Amino acid sequence: MNELIYFFNYVVVAGSVTGCIYAMGAIGVTLIYSILRFAHFAHADMMTLGTFVVLLLTLAFPHAGDALGLPTAIVMLPIAMAVTSLVAVGIDRAFYQPLRAHGVKPIVMVIASLGVTLMLQGLIRLFAGTGAQSLYVDARKEIFRIDLPGITRPIVVTEPQIILFAVTIVAVVGLHLFLTRARLGKAMRAMSDNPDLARASGINTRLIITLTWIIAGSLATLAGTLLSLDVAFKPDLSFFLLLPIFAAAIVGGVGHPYGAIAGGFLVGFAETLAVFNWSVLLRPLRDSLPTWLELPNNLALVGTEYKIVVPFFILVAVLIWRPTGIFKGKVI
Amino acid sequence: MTTPSPRFSSPQPSSSQRRLPARELLLFVGLAVVVLGVFAFMGPAYATRMLVEASCYAILALGLTIQWGYAGQFNAGIMGFVALGGFSATFLSIPVNHAFWASDLPGRLGWVLLAMVAVTAIVFAISRLDRIGVPKLLRTILAIVAGIVGYLVVVSWLRSVTNDIESQVEFIGGLGLPVWLGWIVGGALAGGIGYFIGHICLGLRSDYLVIATLGIAEIIKAFLKNSDWLTRGTATISPLPWPVPAPGEVGFLTARALYLSVTVVMIAVIFFLLHRAYHAPWGRMIRAIRDNEVSAAAMGKSINRRRQEIFVFGCILMGIGGAALTSFNGIFDPQGYLPLNHTFLVLVMVILGGPGNNLGTLFGAVLVYVIWIMSGPLALALMHGVAALGADWFDWQPGNLDSRALQARVFVIGLLILLVLRFAPRGLIPEKVAHHD
Chain G
1 MNELIYFFNY VVVAGSVTGC IYAMGAIGVT LIYSILRFAH FAHADMMTLG
51 TFVVLLLTLA FPHAGDALGL PTAIVMLPIA MAVTSLVAVG IDRAFYQPLR
101 AHGVKPIVMV IASLGVTLML QGLIRLFAGT GAQSLYVDAR KEIFRIDLPG
151 ITRPIVVTEP QIILFAVTIV AVVGLHLFLT RARLGKAMRA MSDNPDLARA
201 SGINTRLIIT LTWIIAGSLA TLAGTLLSLD VAFKPDLSFF LLLPIFAAAI
251 VGGVGHPYGA IAGGFLVGFA ETLAVFNWSV LLRPLRDSLP TWLELPNNLA
301 LVGTEYKIVV PFFILVAVLI WRPTGIFKGK VI
Chain B
1 MTTPSPRFSS PQPSSSQRRL PARELLLFVG LAVVVLGVFA FMGPAYATRM
51 LVEASCYAIL ALGLTIQWGY AGQFNAGIMG FVALGGFSAT FLSIPVNHAF
101 WASDLPGRLG WVLLAMVAVT AIVFAISRLD RIGVPKLLRT ILAIVAGIVG
151 YLVVVSWLRS VTNDIESQVE FIGGLGLPVW LGWIVGGALA GGIGYFIGHI
201 CLGLRSDYLV IATLGIAEII KAFLKNSDWL TRGTATISPL PWPVPAPGEV
251 GFLTARALYL SVTVVMIAVI FFLLHRAYHA PWGRMIRAIR DNEVSAAAMG
301 KSINRRRQEI FVFGCILMGI GGAALTSFNG IFDPQGYLPL NHTFLVLVMV
351 ILGGPGNNLG TLFGAVLVYV IWIMSGPLAL ALMHGVAALG ADWFDWQPGN
401 LDSRALQARV FVIGLLILLV LRFAPRGLIP EKVAHHD
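Chains G and B, in that order, give the protein sequences. Under my numbering, the first residue of the first sequence carries the number 1, and numbering increases by one thereafter. Under my numbering, the first residue of the second sequence carries the number 1, and numbering increases by one thereafter.
Fair warning: there could be bad hints in the mix.
To be verified - Below are the SDA-like pairs computed for lysine to any residue, each with C-alpha atoms no more than 25 Å apart in a straight line:
hint, chain 1, residue 1, chain 2, residue 2
1, G, Lys-307, G, Tyr-10
2, G, Lys-307, B, Asn-226
3, G, Lys-307, B, Trp-157
4, G, Lys-307, B, Met-116
For the record, the hints were derived by calculation from the structure and aren't laboratory data. Treat the numbers as computed from the prediction; the structure is a model and nothing was measured.
Please model the complete structure; the sequences and the hints are all you need to start from.
Shown next, in the form of structure tokens:
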């Protein structure tokens, strides 16, 4: 049983955590894609930016969360979401809007977003340095150990992980309701289906674009902050997120928010399962195995240093066999 | 969204066909003045080193200009191809490690490689089982299971061999072959990886190519960094031999000047070949595909094959350029390959100089590299000034100023990309569109 608990702690919990983060990132990418029709490479850096804003606010008011019994970083989230959304809209107005007005090819927009990536990275590192910083300023991360009867190894869940699951569910349900019930959400879907028709039927496309950036910026802040709360804030966070997020968005079918969620969890679990050492699970069977079959100590599919290969492999596999993604994204 | 016009706005009217290329002359004279200034202020040895590096970057930029400028494919993983070229130059040219070849390790490594080939062949054979009547689902499951099992067996075998190599002989050493052979093989390796990537992505939207190249670059870097048995990983390999007499024999200046002459000859050859290709029917076809894919397809052109060709050509150039750059630096350090230095700097060179215009690309490469090299000390000085002001006014005490100042350059490169895209999308020396009216 100990081995199963180990599996639960290191695969189910860890996979869900990465899955939630990737899902929220991929939703942002996919929304921007379906409205503006380009792959927004600066998305992972928007996550870092949002987290950085949270870090600054937490450093400024380290005890703001005590009254509510939540980590300060969580209390600061709404402000940081607003700031990041504002920055995202600003970037759009300053850099993407003029290019759109020129009617450039989508690939030029992609290059522009790479430029934005570099700018954000440079700014964040200029002010934050390059080291890792914990988002728990003057506070301690709570770790819950749940003991099951008859088993020595407890189930371990941390406070940020629980908050992450709760926030992800709320965000996804909220987004679903918004897209299906609200007037603006329906307008957004209409615009993603056919921009010209949407404009012709009186939808304010400029407003929709602004709204897209606000949603994407807020989700990016949420995901980045909750990830950093669980580990630590690193300025090169985006570097590890970019490829998995895009793999998730493409696996789910580009332009498909629900597909992005599925893709996020798929990529997250694939990563965790690939670096998991399977021989731990097989250890109880060791005595009953035939003698010619010697169990190696390390049965992980890839070493942790090659984790980045997993999303890439998934990406390549999807591009070869099903370029539209699982849920048949619209645009290729 | 597939309007053909946007990339470089509408072509200019061709009223003056054969006038003096005043713009080019002016820009190149200005560049020459800048380079001479560097010679005067920083000394000839430093300036020659800068020129050699700039010329290696120019090869990379020519590689990107045929991908991006000629064909509109954007490669965001130049770093990976550079690293691959650098690895090949290192592996072929450094001296042979006799301890390795005298032991039983080469044989074991050979067996592992054979096993790898065998597993690939078996999995491939299983994936074709449906041709003899096996149900497709069963075939897929069989292929996946065989793949995973074979992979695990080979990898655990490889791990034991590589661990033995690391503990007994440190690493497998090189082949002791001439440097230029390493450069050629580097180009071939990069072209091979480029073929693989292009094969997957070129039929799809151009965004996918960006993601895939970004990913493969990081994977190549991770592989080179973590394969201590092959590359010594973070321990780095140095010195690397040069194709010309080393500085120890003939002095710094002469050696670097000789190296520079080698790279300049390479650029001249590449430039000539590209010029011919650009004006050949093949070049026209490539541009036709870039500017209007649909009508090119309607003319019966095989779009994906042409794209594949051009992508592989570009990657080969990047491999060669990367090999030349690494050989010149004299040290193979997988961690020294950075997306900023080896991908985005090259991108700026191409889009600033003029995508699709070889002369513009050369100009952009040298100019941007000079600015880049000079901006390091400049950023440091600026940062120290700002920090002094900040300390006086707000009691601001930032740590490790130097690394922060270098980060500021990242910001400037990003801003530069955006400004060029916005205000000079055709670059300083734009591509000349021929008109026959």
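Hints versus structure:
| no. | hint | in the structure |
| --- | --- | --- |
| 1 | G:Lys-307 with G:Tyr-10 | holds (15 Å) |
| 2 | G:Lys-307 with B:Asn-226 | holds (12 Å) |
| 3 | G:Lys-307 with B:Trp-157 | holds (20 Å) |
| 4 | G:Lys-307 with B:Met-116 | holds (21 Å) |
In summary, the structure agrees with every hint in the numbered list given earlier.
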